[in-house]
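Asker: The lines below spell out each chain.
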Amino acid sequence: MNPALSQQLRNLAGLGLGLVAFMFYAVYFSPTQGWVFFFQLTVNGIILGSIYALIALGYSMVYGILKLLNFAHGDVYMIGSFIGFGVLTLLGGPLSPAIPVALLVLCMFVVAMLGSGFLGLAIERFAYRPLRDAPRIAPLISALGVAFFLENSALLLFGSQYRNYDGYDLISYNGIHIGGDSGVFIQYLGVIVIVGAVLLMLALLGLVRWTRLGKAMRAVSFDREGAAMMGIDPDRVIAATFFIGSALAGAAGVMFGLLFSQIYYLIGFLAGLKGFTAAVVGGIGSIPGAMLGGLLVGLIESWAKGYLNGNVSDLVVFGILIGVMLVRPSGLLGTPALQKV
Amino acid sequence: MRKYVVAALAAAGVAALATAAFGSTSSQSRTSAAASPATASVTCGKTRTIGLAAPITGPAAAIGNQQVRWAKYYVKRWNAQKANKNKQIKVVPGDTQLGVDTAFAVKVAKSFASNSKLLGVVGPAGSQEVVASTSSYKGGGLGFVSGSATRTTLTDGHTDGNRRGFFFRTVPNDGAQAPVVANWMTQKLKWKRVYIIDDQETYSQGLADGVQKILAARGVKVTRDSISQTDSDFSSKIAKIPSNTQGIYIPWQLAPQAQGFGQQLQGAGKGHIKLFGSDGLFAPGVWKIAGSYDSAFPYNPKDPIVTSYIKAHKGNGEFFGLPSYVAAQVVVGAVTKACADGKATRAEVRKDIAKTKLKTTILGFPLSFAASGEMRAPATFGVFQIQKNGSFSRIG
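So the sequences go chain by chain: A and B. Per our numbering, residue 1 is the first one in the first sequence, and the count goes up by one each step. Per our numbering, residue 1 is the first one in the second sequence, and the count goes up by one each step.
Bound conformation, chain A alone (with noise of 0.2 angstroms):
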């Protein structure tokens, strides 16, 4: 067997095992004991999980594809609800909406999908493309730069005060029930978000494994001098990828705001370091390894904010991104990098 998958399935069963282990660590023995309560948390952590698999994909394509570590992208993210936010205004608002609902949030995801799509075009050409011959140094630091750019617009754009989606005022307050009144409960938005996130994440996975552009970016991913050798844009590749990962990120905000409501100029920080968390754990260049990251931080902080009083579920996000870096360097479904000798 492939020596790097030989090792991606010790990963995973390393991961399952302790996934078991502390669902009967967390049902039978902790304070808070029982399955509802703990399949209440899962779901909860697959509904933020969803979120930040999109928010990682971005990272994970472009640091696939360029070696780059985007440290913009939260912040586009953070562009895309306000985006969403706005046709929300445009089109009524949550308690009056002037067109169907289900139109008016499909409107939302696409307005907000290419405009942070757009964002992510005009990040390539103006702060990166300069930059791609220069040190790996300058590009980081242009990121940092685009990061503080695009938080500091929106606060003079848009203002510091919340903006409020009412995502349940404008969908619903229902949702499912599984086992009974006293069972677990899915609100309708929540199913919203992982049906959206499933949905996006597979026209990716058949994008990047069916199309041409997904050949080239794979092609530019494996050896960028190689594929313009074989009539490959690399620049337009790149640009491409960019759109995609930005675009991805622009439904993550929208989809934020919905089910989180209160959207600010500062939402981009926190989530981008969890979608890049996200991204390293599941192994940085991995596109399926970016979806299970991002399912595996939701449902640690999940797990974390439900097991554990006070507010430290961050740290045992961050706890982990470290224990994993120590344990398996390249994430649990990356592959260590060859060294050209």
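Calculated directly from the structure, the hints in this document are not laboratory data. Every value quoted in this text rests on a predicted model; they were computed, and no experiment measured them. Honestly, I wouldn't trust all of these hints.
What the hints assert, rightly or not - Anything over 10 angstroms on all C-beta distances counts as not near chain B; from chain A, calculated:
no., residue
1, N2
2, A21
3, G93
4, R163
5, M201
6, G306
What the hints assert, rightly or not - DEER-style ranges, computed between Cβ atoms:
no., chain 1, residue 1, chain 2, residue 2, range
7, B, N300, A, L202, 56 to 62 angstroms
8, A, D181, B, P301, 54 to 60 angstroms
9, B, T47, A, I322, 53 to 59 angstroms
10, A, I322, B, T223, 29 to 35 angstroms
11, B, N300, A, L157, 33 to 39 angstroms
12, A, G86, B, N300, 32 to 38 angstroms
13, B, K213, A, F148, 40 to 46 angstroms
14, A, A21, B, K221, 28 to 34 angstroms
15, B, A340, A, G93, 38 to 44 angstroms
16, A, L202, B, K190, 49 to 55 angstroms
17, B, G139, A, A134, 41 to 47 angstroms
C-beta atoms are modelled at their ideal positions from N, C-alpha and C, and glycine is treated no differently.
With chain A's structure known, arrange chain B on it following the hints.
Answerer: Okay, now just chain B, sitting in the frame of chain A:
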């Protein structure tokens, strides 16, 4: 011989340098002593300068900017009066970034202290910022009046340091609010099972501790938890709250966060549990979970200043900033008094702040300060209930 010449030249050089250094030091200190902003007399002229320390950016920017707008609103009104044509006030803002690091508040305090034109300060916002920046304000001889630092121990003269004569506040402390909340919960609502969630900020923890202590002493079952001001996802915290809980006390500062929490609580099928907020959440139209309770110091909603502010801000009263309006009123009043003879020192301004007597304020009660810097006999907190249209109706 050559060695001796070199040594002698070197010694002479060192001596010359030392003389120059001592000379310059002593002349510098004379200069700085003569021009030290802490003691210097400032020619008031037509424009007097005050500082405004608030979280203009950062996670608490939403409430910080309410304070900035209310304080500037007072100054704008003051400057617009014909009688004050030659007594204009200039505001120098300082961004303390509450919730990020108190180092920003210290930096602002130091820059204010070294600004020789500055005579008094409105702010800072957070109790932790007051503690961190006191030595800079005291070193600069500046009086500072906060509209939101409510930690009780700030004014006791020893627990968090002594700042008497320098620090004043136009907001009642936590000790005044907690009993009102606890009494309402136990005596009016007859709650026996209460969940308390603080937001890990000094303001919130102080109130949560105060209410928890009183409730526990009265036999109420209290469960305590925390969130942070950057949290948006409360689903896991809500999953922990037992369905038979009667009320959740949320002494937070971000009304949109409370709105999000309330919506997620309803979305999780626990909308029957009532929420009880603090003055930090007094934001009609922003926190609008109908049936929720809130404690806040009373203000006069028909006061023309309040109504004109609301009108100018598209219906948003931003009531968290009300005490900052009064803080600006106090500082501007003291600066004007100290400038009566055309010159003022910071010490004079501090003395005039301490002597402030306002017969009426938009807070709904007269204002004067005790020696500790606390307001003398502020009005007690009121209890409000959120109506279906999002308005806050006073019920006690």
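Asker: Evaluate each hint against the coordinates.
Answerer: Outcome of the hint check:
no., hint, verdict
1, N2, "38 angstroms, holds"
2, A21, "20 angstroms, holds"
3, G93, "13 angstroms, holds"
4, R163, "8 angstroms, violated"
5, M201, "20 angstroms, holds"
6, G306, "4 angstroms, violated"
7, B/N300 - A/L202: 56 to 62 angstroms, "59 angstroms, holds"
8, A/D181 - B/P301: 54 to 60 angstroms, "42 angstroms, violated"
9, B/T47 - A/I322: 53 to 59 angstroms, "54 angstroms, holds"
10, A/I322 - B/T223: 29 to 35 angstroms, "31 angstroms, holds"
11, B/N300 - A/L157: 33 to 39 angstroms, "35 angstroms, holds"
12, A/G86 - B/N300: 32 to 38 angstroms, "37 angstroms, holds"
13, B/K213 - A/F148: 40 to 46 angstroms, "43 angstroms, holds"
14, A/A21 - B/K221: 28 to 34 angstroms, "33 angstroms, holds"
15, B/A340 - A/G93: 38 to 44 angstroms, "53 angstroms, violated"
16, A/L202 - B/K190: 49 to 55 angstroms, "53 angstroms, holds"
17, B/G139 - A/A134: 41 to 47 angstroms, "46 angstroms, holds"
Hints 4, 6, 8 and 15 from the earlier list are contradicted by this structure; the remaining hints agree with it.
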